[in-house]
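Enquirer: Chain residues, written in single-letter form:
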Amino acid sequence: MVRSPNDYRTDVWVDWCPGCGNYGILAALYKAFAELQLDPTNTVIVSGIGCSGKTPHFVKVNGIHTLHGRAIAFASGIKLANPNLTVMVHGGDGDLMGIGLGHFIALGRKNLDIKVMLHDNRVYGLTKGQASPTLSKGLRTKSLAQPNILNSLNPVALALVSGYTFVARGYSMLSEHLKNLIIAAIKHKGSAFIDILQPCVTYNDIHTPEYYRKKVYFLEEDGWNPMVREGEESDKLLNAIKRSFEEERIPIGIFYQNNFKQTLEESYSQRISSYFKTIPPWQKISKDDGSPIFDEILFEKMFEEYIVRVERSQ
Amino acid sequence: MYNNILILLGGPQGSGLESSAQILSKTFARLGYGLFADREYFSNIKGRHSYIHMRISSKGLPVSLSYPVQILCAMDAETFFTHFQDVEEKGVIVYDVSTLSTKYSAIPSIEPGLRERLRVSFSEFGLDGSISSLIRYLKAVKKTRFIGLDYQKILSELSQKFTLSPAHASRYLSSIIVGAIVGLTGLKLDAVAYALASRFAGRPQLIEHNMFIIESVSKTVMKEFGTLCELEPSANSLEKMLVSSGNDVIAMAKIVGGLRFQSYYPITPAADESFTLETFERLEVDGESLGSLIVIQTEDEIAAICSAIGASLSGVRSSTSTSGPGFSLMVEALGYAGQIESPVVITYYQRGAPSTGQPTRGGQSDLLFTLYASHGEFPRIVLSSGDHLEAFYDTILALNLSERYNVPVIHLLDKFLANSIVTTPLPEISKVKIDRGKTVFEKPDFKRFDLSRPISLRTFLGSNIIQWAAGDEHDEYGHIDEDPLNRRKMYEKRMKKLEIIDSEVPVEERAIFYGQDDARLVMIGWGSVKGVALDAVKEMELSGIKCGYLHLKMFSPFPSEYVKSILSKFKPENLVAVEHNYLAQASQLVRQQTGILIGNSIVKYTGRPIYLSELVNALNRILNGERRVVLEYGA
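Quick note, the sequences are listed as chains A and B, same order. The numbering of the first sequence is this note's numbering, which starts it at 61 and goes up by one. The numbering of the second sequence is this note's numbering, which starts it at 558 and goes up by one.
Next comes chain B alone, as it looks inside the complex (with noise of 0.2 Å):
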């Protein structure tokens, strides 16, 4: 029996895998199971490799990933050549015995690069390049076990119960693969059905057909080769879970904030977030509307700040979604708000970059830029967030910084939590706080940008006050002005409001220490990092080995003196970067602030999660003297 499980589950783009990860980790969750599911996928509609890469555990929700897999699902060959390296010793893997003949060779989506790697290992293995050599293969040096299955005999028999058309049977080749994770895991039927009614709500005939295949398929997995891989019943004491991607929870989030206006401009990955919030719009609950939310997609990335920042100033909490190719068409205006102290909240997806890099893989190479884009200087908040719950409330704290000290906030998350869907518990809503800042709406003579202050009052536009803004340095009042030295008064006013913040902002939204003065190795690292460093301490541990992880979560202002005294009790050569780009972005600016300089770095950029084996294999590297391991494990 496992308390722990690791799945990967792949097929065409276009098939249905999306589905599958929500039906099987709604019936995970429904049984108590923590779950935390990578998507990976091609910038494509239909036809190139995706996958699905899971965690199972009955003990405590699961927070990062790893290799090798215990069950590897194939909905078709090209899964298969691409992920059987992936599959530990005497694992599953379920195939269609119809691809038993396809060799790698024949399969035009497969890109050059791993065709060469394959041609590689076949000629070493000394295989002809088929599945059923390869299965031949597998099963005497990695006494690998196989689940074959008929694929089109289960559908066919789903269109003769149901008179479906072949067409149309074929669309639930999905439900195949949870079938067979069903079978294997031992689940029960019950929680598949509760998952089918929460993803297909009123659609029934869905959750029939759905239902068919899943049934069969577990049953005969079951009954022909048992439940290899079945998992104990949780020991998780939640009784609800929220199961939601990274951009879903932020969305949520959104709402919980109080947001009125969200504007953005189709991007991956952060246009979901856009989506869900639409489908919430009427703010209904019980019949009864709590308010409106509009969401707006604009003609460009521009048009998607500036009418976040127009909005803002009509009093609503506003932002707009993007990742780097539509903030680098928002940097100009980024500067207008903190020129003219408008709100404005900037949820920003970094995904591989540069220019149109990789649009549907993940990356951290965007923190700098963030620090200083826009020309001049002005005030701004970057806040990055480590997993779903740290976003939840890093999006409302953005929504509340962002009004009270009339500041744009980068809130700067990646394509890892964007697209991951984990199980978390219910976010705590007892704990969150609305400060929309300070605000009037009826003085006359009013001064927008009052230097007797040093955060000027804001209001709204339609209130009972006139205000002027521009972004031409300007008087009290918002009217252009040259005069040098009010030039110097209103230009300190601003960028006084970074020491105003850094001294307010409490240092535990700001960077969180997990571990002990006396560790050997302290990683540093940020934004979905934590989840995989800070399962990597406990790895470590376990091997005698004590770890820490220093979990930045403020670049701007940068909680300078918290880190410093953190990292000064170690010395370089203990300290160990962690991230998602070539440079160690941030630990640049952990020497740029502190003076601190961190000896080693364990840097991944080919557009995958880090995993916790690469990770502790790496921690080792660098503890045996290594100064800069790069990651690149993962299909």
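Here chain A stands alone, though its shape is the one from the complex (with noise of 0.2 Å):
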């Protein structure tokens, strides 16, 4: 059977505000799984809190809505216990930048193979658009009450220097090029990142689909290659965060993508060999009659350091 976008949208009504961001993202991943005609039973969508965080129910996927921050700690867990699922992380800016900002770092120093998006429209939606921390310092968005007191952050570079062996910045009414960008990142073994510029048309009167038309350009017009070769990873990542600074003329496409470095799921099957050949969740772990695998003899022949032989005196 072959898939269409349609085919991997669910019933729930969107309730997303009219105009909102998220629809570009959403069209974007529909036509990405279609075009890679990703199996849905096999293909876990994990989502944080806020707008984003309402991914999962529209995509007929697994689906799984988790907490604020939490969702890449929760993605990781599900991608060790079966590594041949497909795991993506829809999260806004405040949810993985802010209060997740930590799982956000240590996946890039996992290089789990999970698809991080970041839903970044530099406010805190679901609240009432409070400053994110992709906001500028100095910057009042409609319903600021005071300008933005404090410096925001690069979500490109801080991927880059985190360990992500994929980054990627898109914008969401660019909806083709997201789709293009989404299938490279499921395609891409290892940590990746797409940094998904997107209005927020309620709260963010600034960073509106007129501002980005005027400053969004492609990094491969002027030849931007993001490819890693042999031996050249420092350069091309120092290159990578230099671009990503750039801030009169904002750059989308790949920054980024070094295929040469071990995934976790590696690691561990290098230490663990049977780990790839039959997946944790499908192991055996009793016998038919519902007694466990490990017997008494394998017991003892297992944890052989713990038990002493008694030799009575005589």
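Be a bit skeptical, because a hint or two may be false.
[As the list claims (entries may be wrong)] Far from chain B, by Cβ distances over 10 Å, these chain A residues were calculated: (1) R63; (2) G223; (3) H237; (4) A244; (5) H248; (6) Y272; (7) R273; (8) E281; (9) P286; (10) E365; (11) I367; (12) V370.
[Said to hold, decoys possible] Covered stretches of chain B, as calculated for chain A (at least 3 residues, CB under 8 Å): (13) 793–807; (14) 928–935.
What the hints contain is simulated information worked out from the structure, not anything from laboratory work. Please read all numbers here as calculations on a predicted model, not as lab measurements. For each residue, glycine too, the CB sits at the ideal point set by N, CA and C.
Dock the two chains into a complex; use the hints.
Expert: Here you go:
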């Protein structure tokens, strides 16, 4: 059966604001999944809290809507327990860059094969427009009482220094381009990150579609090649970081892709040979009668170092 | 000849005391003796005073500790000063003759409180504060017998014999203590060799060097002082014994129970369990792999529990191990697991609290916290264990109940159990069953939160089913739903699981009464109070006072009917809560759940175990009319 983008839609009513950037992300997602013909039962979307957190309910693949900031942590357990799954995280800028920042960095260190989609609209939408970690200092979006007093952080640069092996930036209104980024991220083996710029029509009156239309340009326009060649990892990384700080015009596309780093799953399988052979959920832990596979004999062999055989004095 | 002996060995943290305890415990076990050893240490890597307090028995397996001890082995002067009052009259103290002129006031690691107590004692005794003055005093007043050894000389013999540098030789300091104990109790060197071979398998030099010291010291001790504390041959009938810490026995149980994922963030006293699990990650026996166990050290405890829940959604048995500060961070995700009806097991080793508290000391002050942690109402199981074997079976029970009822299970333990090395019979694996609850892997239009059955079917991510889950209130599919009537149905379905668990889990897994209806006093306790309480029952019986002990194991859902049926036979003044916390938390819960007032309490919150001697004394004080006794013995 060939799946069309529509086959990935659920019948849950999408309750984002009309004109929300999330619609572009969702459309790109359906198209990417269809193009890759992803098996919905083998695909999992894990989300945090906020407008982006609702994404899994709108997609007909497994969907785990978790806690604020913790989607990556849940996803890590899901993926490690079943390394055959395609696991994708959707989170907002407050979710991934604020409350859940520690997990975001940790995932880069792990290079576990999880795709992280950052819905980056620079405000906390669902709680009525507070400044998020990606809003620049001094800016005052619609519902702020005062201009933002904190400096912003750069998600692309952060992903690069954290160790993500695929780092890209997309724009929600350029859905076809975003779809291609998502496909590339899914095909990549390792931790992948896409910073998806998106307008918040209700609370962000600065970063509007008009704003982005003037600023956004494609990295490949000036011949940027994100692929790391063997031995050139740090040069590519430094240049990618540099490009991620361009502000006058905002580059989108793939900043960095490194296919030479071992994933966490691969590291485990190197240590534990049976890990990939029979993935953990399908490993037998009990016999047909319900008794554990570790019977008395296996127990004694396995834990020999804790067992003392008594030699009674005569 | 002794059939039961208490020994205390102490020295600076990081000087090999722990491996001495392992060698000794295996040596005793090899000869059929039962052993119970508590390890007391500071939150410190090197230098602060640590000690091991052990009971060895030739009749049965000991389950508690007591004071005074028969033997004190001091690796350094601080140990001597800290523990000389713990030694019985005519007891034996092993010490280093080079410390004779050392005064307590010159030891910087002695804390101000003890320093002051020593100052008071020494001025009372009219001593100058040195070890030699103390020896004179103890010889005269307590008839203490002393075994003075020249530790440095023993080490230089080692260094000469094997051409080791003095620094290298000094690493064997703790073996001097082992040798002294072997000599004093008359243990066979064959058994020591067995223990060394087991502890240092594949490292023949370590075995040789340790054996050299142990043999020469034990011979010296026997020759010059005699086998002062000779042990009767063991009358225990076990052919094999498990010698393990609580952390290790739980790790073994998790492996037998089919665990496939363990996440943790380093914390005392829980991390050793994860470390042990990781050493067995290949689940290999005779070169054949029986599966794979992923053990991951996460960035924090929040990630630890979230990833464990994630792994559970993927269909593996998963758990995380922690202590109080870590559990505090896990609380939000605990509620999430309750809300999305996900199995997960949290192995919770309590330590001295609140806040950082006493990271390496014991306590039982988190019971009420585990019962109420996280916002909102959701079903959870809180299960506690009283000793190593109970903990073994309960670990598997926790995994089973969690999957059978799709609820988070908190397995509540404490530092006393985590770090004590105990001999037990091997667990009876044939008694163990794996129950994964009802699962389904193929079903069109699957409803993860199906309201038509009390416990919804569980599936695995990656089976032939699509599932959704949300911490939001949800419909049967797992999609957000705020409809008030749906809310009521979902809420009730979740909460009713408590009634189902209450009706289905056998009461013997949840509370055990040791005693009879005519007991003068019934103790009510939980966790590692069990061993000492049972020993106190026997001890009181010797002086003609019948006591009983009600051992509480499951706190949620609480076995109210059973507990009520036992306790209602007694008057409040005949009931005594025995707990390691200030409020006697379990007794408050008993009151709340059964209406029964427990009229007395014996509590201890110094971070040290409850000792048999002080518990018996406290029970007698309760009999004499005191309502609350606070215990504080132990360094």
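Enquirer: Hints numbered earlier in the text: which of these fail when held up against the supplied structure?
Expert: 10, 11, 12, 14
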